[in-house]
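Visitor: Residue numbers (the working numbering), protein chains in the order written: chain A, 1 to 501; chain B, 1 to 163.
Derived from the structure by calculation, the hints contain no laboratory data. From a predicted model like this one, the values you see are computed outputs, not experimental measurements. Heads up, none of these hints are tricks.
List of simulated lysine-lysine pairs, DSS-like, C-alpha gap at most 27 Å:
1) B:K135 / A:K39
2) A:K398 / A:K276
3) B:K140 / A:K39
4) A:K403 / A:K276
5) A:K39 / B:K93
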Amino acid sequence: MILKPRLEDLKIIGFYLGKIILGLAFTMAVPILAGLCFKELNPALDFLISIEISVFLGLLLLKICHTEKDLNWMQGMIVVSLSWIVAMFLGAIPLYLSGHWKTFLDACFDAMSGFATTGLVLVQDLDHMSYTHNLWRHLIMFLGGQGIVVIALSFFVRGFSSGAFKMYVGEARDERILPNVVHTSRFIWLVSFVYLVLGTIALGITGIFNGIKPLNSFFHGVCIFMAAFDTGGFSPQSQSILYYHSLVYEIITVIIMVLGAFNFKLHYHLWMGNRKEIFRNIETSTLFITIIITFSIVAVGLVQMGSYPSAVTLFRKGFYQLISGHTGTGFQTIYPQQFLADWNNLALVGVTLAMALGGAVCSTTGAIKMLRIGVIFKAFKEDLKRIIMPERALVIEKFHHIKEVFLEDKLVRSAFIITLAYIILYGLGALVGMFYGHPFLNALFESTSAAANVGLSCGITNIAMPAALKVTYIIQMWTGRLEFMSVFTILGFLIAALKGK
Amino acid sequence: MKINFKSVLLILLLILAAYPRIHVFCQSLSSSELIGNAKEHDGKPVTFTGEAIGDIMLRGEFAWVNINDGDNALGIWMSAALAKEINFTGSYKTRGDKVEVTGIFHRACSEHGGDLDIHAQSLRKLGDGRIVNQKLNLDKRNLSISLFGALILIWILSLFRHR
Numbered sequence: 001m002i003l004k005p006r007l008e009d010l011k012i013i014g015f016y017l018g019k020i021i022l023g024l025a026f027t028m029a030v031p032i033l034a035g036l037c038f039k040e041l042n043p044a045l046d047f048l049i050s051i052e053i054s055v056f057l058g059l060l061l062l063k064i065c066h067t068e069k070d071l072n073w074m075q076g077m078i079v080v081s082l083s084w085i086v087a088m089f090l091g092a093i094p095l096y097l098s099g100h101w102k103t104f105l106d107a108c109f110d111a112m113s114g115f116a117t118t119g120l121v122l123v124q125d126l127d128h129m130s131y132t133h134n135l136w137r138h139l140i141m142f143l144g145g146q147g148i149v150v151i152a153l154s155f156f157v158r159g160f161s162s163g164a165f166k167m168y169v170g171e172a173r174d175e176r177i178l179p180n181v182v183h184t185s186r187f188i189w190l191v192s193f194v195y196l197v198l199g200t201i202a203l204g205i206t207g208i209f210n211g212i213k214p215l216n217s218f219f220h221g222v223c224i225f226m227a228a229f230d231t232g233g234f235s236p237q238s239q240s241i242l243y244y245h246s247l248v249y250e251i252i253t254v255i256i257m258v259l260g261a262f263n264f265k266l267h268y269h270l271w272m273g274n275r276k277e278i279f280r281n282i283e284t285s286t287l288f289i290t291i292i293i294t295f296s297i298v299a300v301g302l303v304q305m306g307s308y309p310s311a312v313t314l315f316r317k318g319f320y321q322l323i324s325g326h327t328g329t330g331f332q333t334i335y336p337q338q339f340l341a342d343w344n345n346l347a348l349v350g351v352t353l354a355m356a357l358g359g360a361v362c363s364t365t366g367a368i369k370m371l372r373i374g375v376i377f378k379a380f381k382e383d384l385k386r387i388i389m390p391e392r393a394l395v396i397e398k399f400h401h402i403k404e405v406f407l408e409d410k411l412v413r414s415a416f417i418i419t420l421a422y423i424i425l426y427g428l429g430a431l432v433g434m435f436y437g438h439p440f441l442n443a444l445f446e447s448t449s450a451a452a453n454v455g456l457s458c459g460i461t462n463i464a465m466p467a468a469l470k471v472t473y474i475i476q477m478w479t480g481r482l483e484f485m486s487v488f489t490i491l492g493f494l495i496a497a498l499k500g501k
Numbered sequence: 001m002k003i004n005f006k007s008v009l010l011i012l013l014l015i016l017a018a019y020p021r022i023h024v025f026c027q028s029l030s031s032s033e034l035i036g037n038a039k040e041h042d043g044k045p046v047t048f049t050g051e052a053i054g055d056i057m058l059r060g061e062f063a064w065v066n067i068n069d070g071d072n073a074l075g076i077w078m079s080a081a082l083a084k085e086i087n088f089t090g091s092y093k094t095r096g097d098k099v100e101v102t103g104i105f106h107r108a109c110s111e112h113g114g115d116l117d118i119h120a121q122s123l124r125k126l127g128d129g130r131i132v133n134q135k136l137n138l139d140k141r142n143l144s145i146s147l148f149g150a151l152i153l154i155w156i157l158s159l160f161r162h163r
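In isolation and in its complexed conformation, chain A is listed as follows (with noise of 0.2 Å):
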């Protein structure tokens, strides 16, 4: 028998989603002040309306839903998926008053992309955007990539208990890197942080002797470092890295998505001195492996294109958008049109099986992720040697992740659900782009790249696309990030409501 949902169910749901609301309004003073900075005083008002929208609810929330209680685990899953929508309504608030965007759906799916770290647009003349919106599209992606619950866990919300991990599993972060949850997110935050003042440093003099004002090459810096190690993809101007036209700056950034895609455990050991982990752990083995493979499809797919005029010119246009693809960045050295133009269906299937595959798990990529990849061959090889091994030999398999682990039933059945789901989310959104007329590999490509959160676009995103697909790749950011179990949650929860007694 399934159990209707209570009212207690709803207001301790109520009381915690308007907490993290205030967490994310108390972040729209940062383009408030940028906007105050650089004099922008029309953007700066676009953020004020839409604090106080989101003060008012957040306030509206605790008042009405006022409680002492925990969350249990249902509760949490369902303020961790419910937040991520609210995050999307409130923070296409700004998006939309700046006139950037056609329609509200137009500036929901871009603030979606944004929060999920993924990257697809549907932003109009971004080149004359503002300093303050245009801060606000890379900040959503740095929050996104932690993840907002970790926002609200680490800074602005006080008196989670054992609610807090509930909700920061939710959030797709399985893995705790110090004993307790707050430290970890604070811990999340203080990489973050310190790789943002290195990376924008970096971006910042490449930018200075690339040619750029020096301002305007430090906020160029600061927004490609927040989208490539948030591994989103939004860029200040619309050419993407294209713009910059410098090999340097394709360095760095791809320096920049590959310690994106780092699990921030892997980070925390490195940081302690532990060099040797980043050899064999088991992540980036498979991380290594499957660029190698990925690569190689793009590259053999490109020279029977004849698409590029030297091996030089290949691997850079090639490696790039295969990198970027990989961690789920979207950064793009090529336009849309050239996929489908100068790029043939075995480079595309390269990069869509990069995308696909994702980077490692708690890190900011979306997509399968390396884990699940490396288990599930770990499984696949077990039985091949319990095929071929006499019966009577125990056969035991083992993988380095942080420590040893032994692969046991449980976690690969854990690695092959997800990995199914991730697929079949993959060739629903296909189905939906065929449905309005795309070949089927486009439409897989820009399934992927939404569901994977990674950006990378072959044309099909585009404001003319209809709503339903636009509302499509929405649903499949979202599903996407939050890795499934959430979403799940919030579903079962809605059946309950309907059908429960």
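Starting from the structure of chain A, add chain B where the hints point.
Guide: Chain B only, in chain A's frame:
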């Protein structure tokens, strides 16, 4: 002076024959046309018109200028002397100069790491850019004041409820 009819006819024919070439040489193409049919235009002279946006990135005696025609921005590689003719580039506070660039189009430029670009040979300014005056949007100002009022009201009401 005796006019040689055959010579005049020949000159006329030559002009007429050359006209389409001149026309093709100066054919102004959109960014979508250039990107979508890049192979067709690769290595050929094209004319591209749009607004100069972002930064003029000087690289020694040359410069990169990105020009946006409303659909896409294309990278234009030009001499620093040509780039100096551009006074305004588009940003939030400015509208960039509208320029017409004629040069050689590259689908995957071997000189520039495979970038799709145009190596400019000439630049003509079609319109001057300007600084955009930002007036305070009164509707937004009034809305933010009203919302602030509503927030204060909620805060006062919550104080009463507590008492």
